[in-house]
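> Residue numbers (this note's numbering), protein chains in the order written: chain A, 6 to 267; chain B, 87 to 355.
In case anyone wonders, no lab produced these hints; they're calculated from the structure. Each hint should be verified, as a subset may be incorrect.
[What the hints assert, rightly or not] Cross-link-like lysine-lysine pairs, in silico, DSS-like; alpha carbons within 27 Å at most: (1) K171/A with K159/A; (2) K159/A with K247/B; (3) K349/B with K19/A; (4) K159/A with K349/B.
Chain by chain, the residues:
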Amino acid sequence: MRTWERPHYLVPDKRWRIALWIAFFLYLIVGIGSIEVNWLRVYEGLERGGRFVEGFLNPNFTRRAADIYSGIYESLTMTVTSTVVGILLSIPFGMGAARNISPKPIYLFCRSFIAVSRSMQEVIVAIFLVALFGFGAFAGFLTLTYATIGFLGKLLAEEIEEIDKKQLEAIASTGASWLQRMHIAIWPQVMPRMIGLSFYRFDINFRESAVIGIVGAGGIGATLNTSIDRYEYDSAGAVLILIILIVLACEYLSGWIRKWVS
Amino acid sequence: MGELEQKLVWESHTKRKAWIVWGFWFAITLLTIYCWVEMNEDTIWFFVYDAPVQAADLIDRMFPPEWLYINKLYKALWDTLNIATLGTLLGVILAFPVAFLAARNTTPSTKFVRPVALFIIASSRSINSLIWALLLVTILGPGILAGIIAIGLRSIGFVAKLLYESIEEINTTSVEAIESTGASRFQTINYAIIPQILPAFLGIMIFRWDINIRESTILGLVGAGGIGLFLSSSMNILAWPQVTLIILVILATVIVSEYLSAKVRRLLI
Numbered sequence: 006m007r008t009w010e011r012p013h014y015l016v017p018d019k020r021w022r023i024a025l026w027i028a029f030f031l032y033l034i035v036g037i038g039s040i041e042v043n044w045l046r047v048y049e050g051l052e053r054g055g056r057f058v059e060g061f062l063n064p065n066f067t068r069r070a071a072d073i074y075s076g077i078y079e080s081l082t083m084t085v086t087s088t089v090v091g092i093l094l095s096i097p098f099g100m101g102a103a104r105n106i107s108p109k110p111i112y113l114f115c116r117s118f119i120a121v122s123r124s125m126q127e128v129i130v131a132i133f134l135v136a137l138f139g140f141g142a143f144a145g146f147l148t149l150t151y152a153t154i155g156f157l158g159k160l161l162a163e164e165i166e167e168i169d170k171k172q173l174e175a176i177a178s179t180g181a182s183w184l185q186r187m188h189i190a191i192w193p194q195v196m197p198r199m200i201g202l203s204f205y206r207f208d209i210n211f212r213e214s215a216v217i218g219i220v221g222a223g224g225i226g227a228t229l230n231t232s233i234d235r236y237e238y239d240s241a242g243a244v245l246i247l248i249i250l251i252v253l254a255c256e257y258l259s260g261w262i263r264k265w266v267s
Numbered sequence: 087m088g089e090l091e092q093k094l095v096w097e098s099h100t101k102r103k104a105w106i107v108w109g110f111w112f113a114i115t116l117l118t119i120y121c122w123v124e125m126n127e128d129t130i131w132f133f134v135y136d137a138p139v140q141a142a143d144l145i146d147r148m149f150p151p152e153w154l155y156i157n158k159l160y161k162a163l164w165d166t167l168n169i170a171t172l173g174t175l176l177g178v179i180l181a182f183p184v185a186f187l188a189a190r191n192t193t194p195s196t197k198f199v200r201p202v203a204l205f206i207i208a209s210s211r212s213i214n215s216l217i218w219a220l221l222l223v224t225i226l227g228p229g230i231l232a233g234i235i236a237i238g239l240r241s242i243g244f245v246a247k248l249l250y251e252s253i254e255e256i257n258t259t260s261v262e263a264i265e266s267t268g269a270s271r272f273q274t275i276n277y278a279i280i281p282q283i284l285p286a287f288l289g290i291m292i293f294r295w296d297i298n299i300r301e302s303t304i305l306g307l308v309g310a311g312g313i314g315l316f317l318s319s320s321m322n323i324l325a326w327p328q329v330t331l332i333i334l335v336i337l338a339t340v341i342v343s344e345y346l347s348a349k350v351r352r353l354l355i
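Generate the whole structure from the sequences, applying the supplied hints.
Structure representation (structure tokens):
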């Protein structure tokens, strides 16, 4: 008796499927084999792991209250300034990187600027900017601004490349100037999505501001780093909970504003 | 007559809306200026003005890159690849049940289980892998195991969120068709839901793998293995030509992985 078998969707040929699975398991064996683990060290660390879970469940907001407060405050101010400046600068870069509205040399320049900004990790950029501008929030501000330009510039360029051409032609046929064409024909088409993306980037910038503090670029990361280094997991737990709450609040707010805009 | 003429000038907003928009921009400007002032309270402007000189000096020291140093980086690159790939697998395995618990149409209880699953997703998404690595290195000791787990924990939220959204969007007719044959809950998931989400699932996984390659290149800065380890040690001894080479290698890795993931995702769709 023949029984029905669920058809396979991605790789219909059975031989290929078997070959892919074998390759996968071979990689798993080799990959997992390359992990070197000092089990004694792990065993000793488990007790600390337990303390971290405990600290996360009973966070201590008071011991490092002053540090935590100033760190969060600095992270938030950094996030606001870098997001605003990043958005403002991403508009010319995004417009320059849109193939349908900008001349070739400007297009190539803006595209490569955006590509470099996107493939550099924030932390690596922060290391260099801290070396150049000194420790503190200013280096962090520059890092986040740079990253924002790459992120929003690319999305804005893609958005402009997909606009409805008819509106642009209609406005151009009235004899509108370049600025008027941008403002009246293109801006309304890309604005709703740009507002949503800007809030999303605000969210990302806040999360990143917690990380670049580890390399000295200001914000809550420095506080987090010290408390983890000193094994004060209850303070670290407090910082992590604050970060999670602020990110959640941003998400709610941006969802609400996006609904309001559209 | 005068009133009529006034109406002829076209405006893109009504009066009230124009005021709201204006107030919104004004508030944002004020907030930005306030934050700028507060942020720069401790900034030492001398360093900022001095930065171009420092930059010229640094670039002078960074070039030419020390090309031969690459021979020491192969092992580190392999470690980085393993951290990203095994971390992605770990994250996907952990995210799978979380996504089914978080999707409105598959969760056992919307009141108790779903909020817990959503909280797991939110925490994993809010905390960067570098912070997880920082924690795990103090717990497990330095090495790529800490990196793999950090990447895995960070991936749960991303994968689970996109996956539960695609589970919520599935076509219910085929679920009902399978259920009407008397299939068990597990069989329904296997025959009606999995086939519908499989392409999306693989796409999400490869997308996350690409992001994870990027993130795993820096985990070494806190001791969690990979090429970042060499970056931080070269920087600590101020060997700038080595740093340049490492950054070029990282950039090349990121670009190749992005190209690969875009190619594979296009095949899937």
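> Next step is simple, just say for each hint if it's right about the structure.
Hint-by-hint comparison with the structure:
no. : hint               : in the structure
1   : K171/A with K159/A : holds (23 Å)
2   : K159/A with K247/B : holds (24 Å)
3   : K349/B with K19/A  : holds (23 Å)
4   : K159/A with K349/B : holds (19 Å)
In summary, this structure violates none of the numbered hints.
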